[in-house]
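Novice: Start from chain A and add chain B according to the hints.
Going down the list, the sequences are from chains A and B.
Residue 8 in UniProt numbering sits at position 8 of the first sequence, with consecutive numbering throughout.
Residue 72 in UniProt numbering sits at position 72 of the second sequence, with consecutive numbering throughout.
These aren't lab readings, by the way, just hints derived from the structure by calculation.
Predicted, not measured: the structure shown is a model, and the values here were computed from it.
Honestly, I wouldn't trust all of these hints.
No distinction is drawn between identical chains; accordingly, a pair holds when it is met within one copy or between any pair of copies.
[Said to hold, decoys possible] Below, a list of computed lysine-lysine pairs in the DSSO-like style, where the Cα atoms sit at most 27 Å apart:
#1 K394 x K77
#2 K161 x K138
#3 K77 x K48
There are 2 protein chains.
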Amino acid sequence: MELNYSDRMGGIKASEIRELLKLTVRPEVISFAGGLPAPELFPVEELKKVSQKVLEEDGQSALQYSPTEGFPPLREKIAERMEKMGVKTAADNILITNGSQQGLDFSGKIFLNPDDIVIVESPSYLGAINAFKAYQCKFLEVPTDNDGMIMEKLEEALKTKENIKMIYVIPDFQNPSGRTWSLERRQKLVELANEYNLPIIEDNPYGELRFEGERLPSIKSIDTEGRVIFLGTFSKTFCPGLRIGWVCASDEVLNKYILVKQGADLQSNSMSQRELDAFLDVYDLDEHIEKIKKLYKSRRDLMLETMKEHFPKEVKFTHPEGGLFTWAVLPEHVNARELMKKSLERNVAFVPGGSFFPNGGNENTMRINYSNMPENRIVEGIKILGEVIKEELK
Amino acid sequence: MELNYSDRMGGIKASEIRELLKLTVRPEVISFAGGLPAPELFPVEELKKVSQKVLEEDGQSALQYSPTEGFPPLREKIAERMEKMGVKTAADNILITNGSQQGLDFSGKIFLNPDDIVIVESPSYLGAINAFKAYQCKFLEVPTDNDGMIMEKLEEALKTKENIKMIYVIPDFQNPSGRTWSLERRQKLVELANEYNLPIIEDNPYGELRFEGERLPSIKSIDTEGRVIFLGTFSKTFCPGLRIGWVCASDEVLNKYILVKQGADLQSNSMSQRELDAFLDVYDLDEHIEKIKKLYKSRRDLMLETMKEHFPKEVKFTHPEGGLFTWAVLPEHVNARELMKKSLERNVAFVPGGSFFPNGGNENTMRINYSNMPENRIVEGIKILGEVIKEELK
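So here's chain A without its partners, still in its complex pose:
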């Protein structure tokens, strides 16, 4: 029996990262593949307390259906955090989602018809590419450098291509490259989006994890027309298992996201929203984030030093000022997918970078995560990876 699926299913493939993660769950594997936070910093004890508090004080409501938009006090607190990031907004402009991945899916649903073009950084986040593909779009990759997307190239694309429907960017500690956009590029992006009347999806899962250099204003904070849709998440600053992200957008645009959420899953988890809200009442999230940044900075330093020492000189890699990833470029003839097979035989995993280019190519790249592995395994894994690469370059 073969059922008739929708046309869109032809374009939906398994996320390579997710499939890969399945191979890396063996405890002997040193994995730089996932984008997993350091679990030793998860606030387990704090959650024990707040889960009791929520069930004690508000148990029946915490287990009942609740509004699509999200738990009002939590929306309030998120709006306040956004204000601190320079975005003038209100609780009414926040929708709680199941992680920011859901915000990506909704963005595709709201803006894309088949054959519409999404502008993305080259490379861009694989999960976003997969989410948008479900809406049968095409991708236009705009080249990037250490300051983010190259604006001349973007302008050229906007001038010459029709059917462009939205621009998707990760301006802070980008996934996969670890790079951060300069202020000038951020301003220019908003200008161009205004000129061409396009929505910008600003995906910002890592922005609060800056451990070096100065914070730059979010693109949403530069927007004066309500065309930037900001996707935030607590997955990297609190924990990913509770699946709490948010969309921040203007009234008109947010209303579309709310409508789509109604049909997609009615609402996010009532209990987890209250737990996070209680956590934010009782504990200091910013203090907690300081601990995360300290740990990630030391892991980044250790990883980059070890890479410098053990990777061949031909391999170039980025110096992220925050976030979870560095990005390595190998000599052009090296195929990182083949490399991955060999490194997995030696129990070390990373993500081959080709998956982050929706139109293919760039198989000589790799995304390497430094947040999840303890220090000794970072050193050991990078040494092995260095050996595997050297073997390949012979």
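Specialist: Quick look at chain B alone, frame taken from chain A:
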């Protein structure tokens, strides 16, 4: 500024029920509108214990990313429950979703191209209609009676219409009508779906809440070809706030749902899945369900008795053997939306039935919930509703 949205957004409207629920949160309102379970039976104390247990024994994993498919021991337990319902299946055929609403959205995404036809019962569940509409489908409503969808009418439709892509049904204590399909109709439906090679979406949120009469086999248990996709949920038997539902389907079909879940939100809540799993280990869900059934039966009895006494004789209503709703049909000239405005003025709410007919009409119908209000408010609310209806019939 007006952004360009996708074509599908033209067809997506706010769920009338959700909008209505906002008006009914005032504590003075006696609401028969929502499909809310009785919160006094939520296992609050049990959850306090299992949440501690999960965080104590497995805290870091419970807060980390976890597999798209769901927490393996929970999938195992759901497969066992499905077996008890007569469905031969395995943990590998279960995907955990954010409530069964997410299973509805995914079904639309997987099977529907624009202008494809979905066959539904007339009336059908508003949330499903809204979920499918996002994929720009059309609806063919097949008439129903007390035994479910009328098979002669279905066969006629299948013979004469092209572009039919799936059949969506709620065979047990249907939402909104409260009716249950006969065994013969279930068997015939599977036969016809086999003949026309169509998938059947069997939405079964209430099947375990039968408090009268004999359990009938699920449509999935009759299927021999793997074309029935069963949507289950713990929202009505445990609690809705944790948003745990599931899809049960054949390997090939489930794989599509898993792919779609990856792009839609990566995975469901890691913590809540473990809490439910621990609850099922420590407590007896079936015993808990017995308590729910006992309460709902007594509320149904009370409501139907009060309706018999206080509603004018011209109003007909169903006698549900389980589930959460009864369905009333008023004389044709009465508009239930107008009626609702008047009853809300007197602080009583229900859902006007017209919303459950995707192609319109039938404005003289109402869905009335009996699970959520305590006994005294059921009597008071039905009396007021009776008065408002009598006023309208004058």
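Novice: Each hint: holds or not?
Specialist: Okay, the hints, checked on the actual structure:
In this assembly of identical chains, the alpha carbons of K394 and K77 never lie at most 27 Å apart, being 55 Å within a copy and 52 Å across copies at closest. Within a single copy, K161 and K138 get their C-alpha atoms as close as 12 Å, which meets the 27 Å cut-off; across copies the closest is 33 Å, which misses it. For the identical chains of this complex, K77 and K48 are neighbours both inside a copy (21 Å) and across copies (25 Å), given an alpha-carbon limit of 27 Å.
Hint 1 from the earlier list is the only one contradicted by this structure; the remaining hints agree with it.
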